[in-house]
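Student: Read off the chains here:
2 protein chains.
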Amino acid sequence: MTQQYSALCKGCWQQMHVPIPLRGGFSLPFRAFGIRPSNMNPNICTICEMMFARMMKARTVTIDATILFADLRGYTKLSQSMPAADVAGLLDDFYDRCAAAIWEHDGLLNKTIGDAVMAIFNFPIKRSDHSRQAVLAARQMQKNIADQRARFGDTPDAAGDELGIGIGIHTGEVSFGEFGHSHRDLTAIGTVVNMAARAQSAARPGEILVTQEVHDRAQAELQGSTATDYTLKGFDQPVALYAA
Amino acid sequence: MTQQYSALCKGCWQQMHVPIPLRGGFSLPFRAFGIRPSNMNPNICTICEMMFARMMKARTVTIDATILFADLRGYTKLSQSMPAADVAGLLDDFYDRCAAAIWEHDGLLNKTIGDAVMAIFNFPIKRSDHSRQAVLAARQMQKNIADQRARFGDTPDAAGDELGIGIGIHTGEVSFGEFGHSHRDLTAIGTVVNMAARAQSAARPGEILVTQEVHDRAQAELQGSTATDYTLKGFDQPVALYAA
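Keeping their order, the protein sequence lines are chains A and B.
Take numbering that gives the first Met the number 0: the final residue in the first sequence is number 243, and no numbers are missing along the way.
Take numbering that gives the first Met the number 0: the final residue in the second sequence is number 243, and no numbers are missing along the way.
Be careful, since some hints might not be right.
Intra- or inter-copy, both count: the list cannot distinguish identical chains.
[To be verified] Okay, derived cross-link-like pairs now, EDC-like style, lysine to aspartate or glutamate, Cα gap no bigger than 20 Å in a straight line:
{"#": "1", "residue 1": "Lys142", "residue 2": "Asp91"}
{"#": "2", "residue 1": "Lys76", "residue 2": "Asp228"}
{"#": "3", "residue 1": "Lys9", "residue 2": "Glu103"}
{"#": "4", "residue 1": "Lys76", "residue 2": "Asp215"}
{"#": "5", "residue 1": "Lys9", "residue 2": "Asp235"}
{"#": "6", "residue 1": "Lys125", "residue 2": "Asp63"}
{"#": "7", "residue 1": "Lys142", "residue 2": "Glu212"}
{"#": "8", "residue 1": "Lys9", "residue 2": "Asp128"}
Just so you know, the hints here were simulated from the structure itself, not pulled from any lab data.
With the hints as extra help, turn the sequences into a complete structure.
Tutor: Here you go:
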């Protein structure tokens, strides 16, 4: 990753106009209080992440955001035939490559779960073109993962050609905030999130599937892409998805 | 939850024989350094969670553990017809009820992702009967969720009878530790984790499916349960699962 990290927390600045130093000498007293770059994005701080409810004066807020899910296809199968250390290396690489692509486009790497990642665009770092940023991040992830595939394809006992990621993207209103009281979890929920996850399930390895709403907001990036109807689990009506 | 929380971190004590106060006056200086009860289990501390690699002198360790996945069936469908605040309340409740059951049996609520949770038993809090503890936690979750279903079934516009959780459990060696370098994530990976997730997918609402290995280790709890063969995604051979 060649991108320079921000000296101030972009989240606190954009959401509250409060300058929180993330790096350099000014950040030291903050670090003593546990305020440091977030694990979800190095350009926001742990206040954005952990003290969300106190700062926003609400447990959840409704925001306009773009949600991206990516899943490493072939992982379950591959991990049965690989030594544990190689599987760990594969996931390290996958998470790192996904993180780099998401952060380059100001997204929040909200979750990793086994072979999947979930990213949120437009909060806490605002981008008016967040759907386009998500599409660009998805393409960067596919490119980054092609490099990883090439690397694993080099080893004789790894089925390198089975590796590939499927990505799904949807955009609209989500509930963002803390869920659960005893185990607090900062995430986004709602139909938009569910739809993004389902679009990801429908994507073939190497494919990016986006909804009509993402297509409309990121048209310049999606010239010539035509819609195909998909039947998605949990949704009664067929859903039109575009390959991006 | 009626259970009393521990005054000392059970993880630090069991893994390193170091007493870390979690509650009461002795915990105050520790809290100033960000050492407090973990979000994953109130009886372990953030050292167990965040400083894993430094304490264990390795990024990952191979451990014997039991993995439990639970998924709230009908959530995607239900969340389309419910107001956002109700969906948030539903998830708050689901996470809280899962957390209570997992913690009562010394498990780690490692992940929540949308309508699913992942729990790890036997680390950092050791239990020689961790498979049995996982089965008991799963039953407690089903009971807790039946109460929740009753509550949501009371509202006329919620399809209360569609709610129910599917649970899958597997046990064996997993790689536990930090994955990813730029976005660090503390979790367990390996075939055992994948199998538990697949068993969960096969479970019907209200059902708990466990593998042969869990059955063998928790026999006293599973008298009279017979195996059924399931075809699970990513596994070439049919897998025998027992209803618990």
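Student: Classify it for me, Lys9 with Asp128: is the Cα-Cα distance of at most 20 Å met within a copy, between copies, both or neither?
Tutor: within (17 Å within a copy, 47 Å between copies)
Student: At most 20 Å between C-alpha atoms: does Lys76 with Asp228 qualify within a copy, between copies, both, or neither?
Tutor: between (29 Å within a copy, 19 Å between copies)
Student: Taking 20 Å as the upper bound on the Cα-Cα distance, should Lys9 and Asp235 be classified as within, between, both, or neither?
Tutor: Result: close neither inside a copy nor across copies, 40 Å intra and 47 Å inter.
Student: Classify it for me, Lys9 with Glu103: is the Cα-Cα distance of at most 20 Å met within a copy, between copies, both or neither?
Tutor: within (13 Å within a copy, 40 Å between copies)
Student: Give the relationship of Lys142 and Asp91 under a CA distance limit of 20 Å: within one copy only, between copies only, both, or neither.
Tutor: within (17 Å within a copy, 37 Å between copies)
Student: Cα distance capped at 20 Å. Does Lys76 pair with Asp215 within a copy, between copies, both, or neither?
Tutor: neither (37 Å within a copy, 25 Å between copies)
Student: Under a CA distance limit of 20 Å, which applies to Lys125 and Asp63: within one copy, between copies, both, or neither?
Tutor: within (10 Å within a copy, 44 Å between copies)
Student: Could you figure out if Lys142 and Glu212 sit no more than 20 Å apart (CA to CA) within one copy, between two copies, both or neither?
Tutor: neither (24 Å within a copy, 40 Å between copies)
Of the hints listed earlier, those the structure fails to meet are numbers 4, 5, 7, in rising order.
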